[in-house]
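Throw the hints in and build the complete structure from the sequences for me.
Going down the list, the protein sequences come from chains A and B. Position in the first sequence counted from 1, then plus 70, gives you the working numbering. Position in the second sequence counted from 1, then plus 124, gives you the working numbering.
Everything labelled a hint here was simulated from the structure, so no lab data went into it. A portion of the hints provided could be inaccurate.
One-sided and incomplete, this derived list gives chain A residues near chain B with beta-carbon spacing under 7 Å [as the list claims (entries may be wrong)]:
id, residue
1, Phe88
2, Asn93
3, Leu136
4, Gly203
5, Ser206
Backbone N, C-alpha and C define an ideal beta-carbon position, used for all residues, glycine too.
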Amino acid sequence: MRQFLSVIAFMLIVIGSFSAYSNLGIPQIEPAPPPTEEVIDLGSMDMGQFLALGDRIFNGKGTCTLCHNSLGRAPMLDQIGSNAQARLDDARYAGSATDIEGYLRESLTDPSAYVVAGFGKAGTNDTESPMPGTESGSIALSGPELAAVLAFLQDNGGLEVTVEIPTDMGDEATDENAAEPGEPRAPFTSFQDLSDEFACEACHTIGEEAGDLGPNLSAIGATRDRDYIRRALLDPNAEIAEGFEEGMMPDDLGTQLYATELELLIDHLSQLK
Amino acid sequence: MRKTLSFGFLASLVALVVCVLAGTGPALAQEAAGFGPAPVLTAADYPTVAGVNGRLVIWIVAQLHLWFAAFVLAVPIFVFIIEAIGMRTRDKRYDDMAYEFIKVSITAYSITAILGGLLLFSLILFYPHLFGYLSTIFSKSMFYYALLFFGESAVLYLYYYGWHWLQGDLRKWIHLSLGLLLNAIGTTLMLLANAWLTFMMSPAGVDPAGVFNGNEWEAIHNFLWNPINIHRFVANIAYGGSIVGAYAAFKFLTARTSQEKAHYDWMGYNANFIAICALLPLPFAGYYLAAEIYAYSQQMGITLMGGIFAWLFIIQAVLIGALFLSANYYLWCGMGRSDGARRYYWAIKYIAIVLIGAFLVWFTPHTLVLTNSELKSLGGPHHSILGPLGIMPAKNTAVNLMIIFTFLSFLIYRRSNKVATVSWEGMGNTLQVALFTAGILNILFLGIYHGYFTNTVYKVAASIPQVLTTFVVIVVSLVLDSFIYRGARDVGPLHWGRIPDRAQYALFLLAVAFTWLMGLMGYIRSGIRQHWHVVDIMRDNSPNAFTPTLGYAANVVSVAAVIFLTLVIFVFWIAKVSSVKTLPAGYWKE
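Written out as structure tokens, the structure is:
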């Protein structure tokens, strides 16, 4: 019996130490939650917001930085400005694009149409791209999302942005209340309208609506003061709420919101206790 | 034992009926309309049953089922080999040992079946649409699986219960053939089950919307099927060996007579030998699998090797290190069985130093700078990865050195009781030393050159020549040694049982570390699918679609491992109880 117990104890200690090491010995990284469709309101978007959307998708849902990073797995896209024309001029080029925008679009929708030399799947002699198509499968960007990424790629590569902001969401419903682009919109006067407009609840839980990409705001007034909330809205990346990703929370609210709207948001949030 | 038998049959009967109902029901409905696309689910499509977390239930039950299945599939493989060795050498000890191994696995067999049934029920309850979808595609293979299960049970029981009946020339051959048949069926079962899970990772035979083209073989023979098959087959043997080793270790510790001790020492030695033989090629099967995953989808490959999962490989390295160290430690302790071992004791400390050094290199994340903030600064919320490829050469070098030195331990162990009589012994030994030195230098050179003097794309290029070097060293050295020791004389009889108790704990560590490691790797294999049931085809929209942290996963694995070991202890205990007779004085009428 004594033998038996010491064997049991030994095994429990071993298992316990494996668990302890996995919990304490290595950093606990919270994997990102599954991607969700961005709530996009094209009607009220200016080019700055559109590019910001592209940036977010590029770094987030699109998983582009998984490969397009400094580790040499895929071409660096900040150099696409100088590279794209060279691709089109390449004798190997057999795709159907005629201009740079077309080349970029084709790279995203049909990656194997042209494979940058040295980056093809092993053994395919650069005829097959390891890059997944971005319209379907695991990335599955919608039409406007794809356009936003294209615009971002052009901007980021130092090219002139020729992509236009799509006027509708494709098969998705458009927001009837949206003002025409260029026309100044009337300020919103209720929190709910503001929240709907800026899709706060797509990421945050506020009362009944549940979003989990950002912190729960249902009782934010209990722990945060007005100054903190103001900062969180105007300069979200200055301080990142624990356990969340940087760069998710829109950082251009300052230019989007009327002053009255900003105060309204702060008033409302600071009262949620 | 008869209870166990009917239990096993009952479980497979239930499994069969459920399979037919659940599997072919939807399939028949589909037949008329052709095959539909993969269902698109919402959170409401995942029933909650009794308030429990469905994913957790599936996770633990599947893991338990897998552990037992791995064990009961592996044991007949080496029982078959040991039986054959017994027939060849006409040494009855082998036959007895083979019988004892299979006896241990027989209760485990019915537990496997029960857990399989439980897994099936859990899938149907918690993930009905996923199961429905898979079963329309795999309707035939699921049906044959259930049938094969009957065959497996029948042959296993015949093999086990007929052991003493089928003795003697022709009968022994019949018995051995039964063993072969048993393995053929068992392996087929595993291959079928592997097809279903690899389909979820690398679907084939379906279009992008998940519409099945009707060719089941294509779905079975998907991209990752064979890499997983190979990896599991080898790992199962190592695992089965380690569990049986723990059994022998326990029997050794509780043995009363020195005869018993000698027997279980010998059994433990053989089990450990089996485990190590299968452990040595395992890292290569693992690399092959990882490379194939990468080839299938770069995205999946990077998810596997980068981000949070990169840290998982650090845990894995620690565990494999523990496996190697305990296996070596056991060998060194075992040298005490021979009076001739003293000649080699000096070498042990050097081997130990190299092993520990390699171990440290392996699990030090030197170029892996993945703190939380670094991870974020690298890219988006999804996977921001640092190239573990960058550290691959260093790791590869370490693992190859570990394997070579473990092999050296083994070589020394083999030599410890022998005195060579060939005239060219000195030259032979010089050759051995030269072989090892050249091999080690080559591995180091390849690792350093490719690791630090070439660019990223070529860093992995070192692994294959390194592996080849290791293989060459092992094979050539074995051949050479068998010539050097041809006609060698023994120092004296081996003293089986002359081994310290603490050596048995090395066997326990081996079994526990193996169990836990399998659980951990099960998590990553499944985890790289991320929020997909079937990658890119059927999305997981349940509230549990998120990837848990490593710490959480480790805790689940630990809980499952404790349950598993409890069941294993039960199995061992049953094996013991079945041979105990109590004489209740005055109870029965005279």
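Each hint, compared with the structure:
This hint holds: Phe88 of chain A has a C-beta 5 Å from the nearest C-beta of chain B, less than the 7 Å allowed. At its closest, the beta carbon of Asn93 of chain A sits 4 Å from a beta carbon of chain B; the interface hint therefore holds under the 7 Å criterion. A least Cβ separation of about 5 Å between Leu136 of chain A and chain B falls short of the 7 Å threshold, and the interface hint therefore holds. For Gly203 of chain A, the interface hint is violated, the least distance from its beta-carbon to any beta-carbon of chain B being 9 Å, above 7 Å.
Given the 7 Å rule on beta carbons, the hint for Ser206 of chain A holds: about 6 Å separates it from the nearest Cβ of chain B.
Hint check: a violation occurs at hint 4 only; the rest are consistent with the structure.
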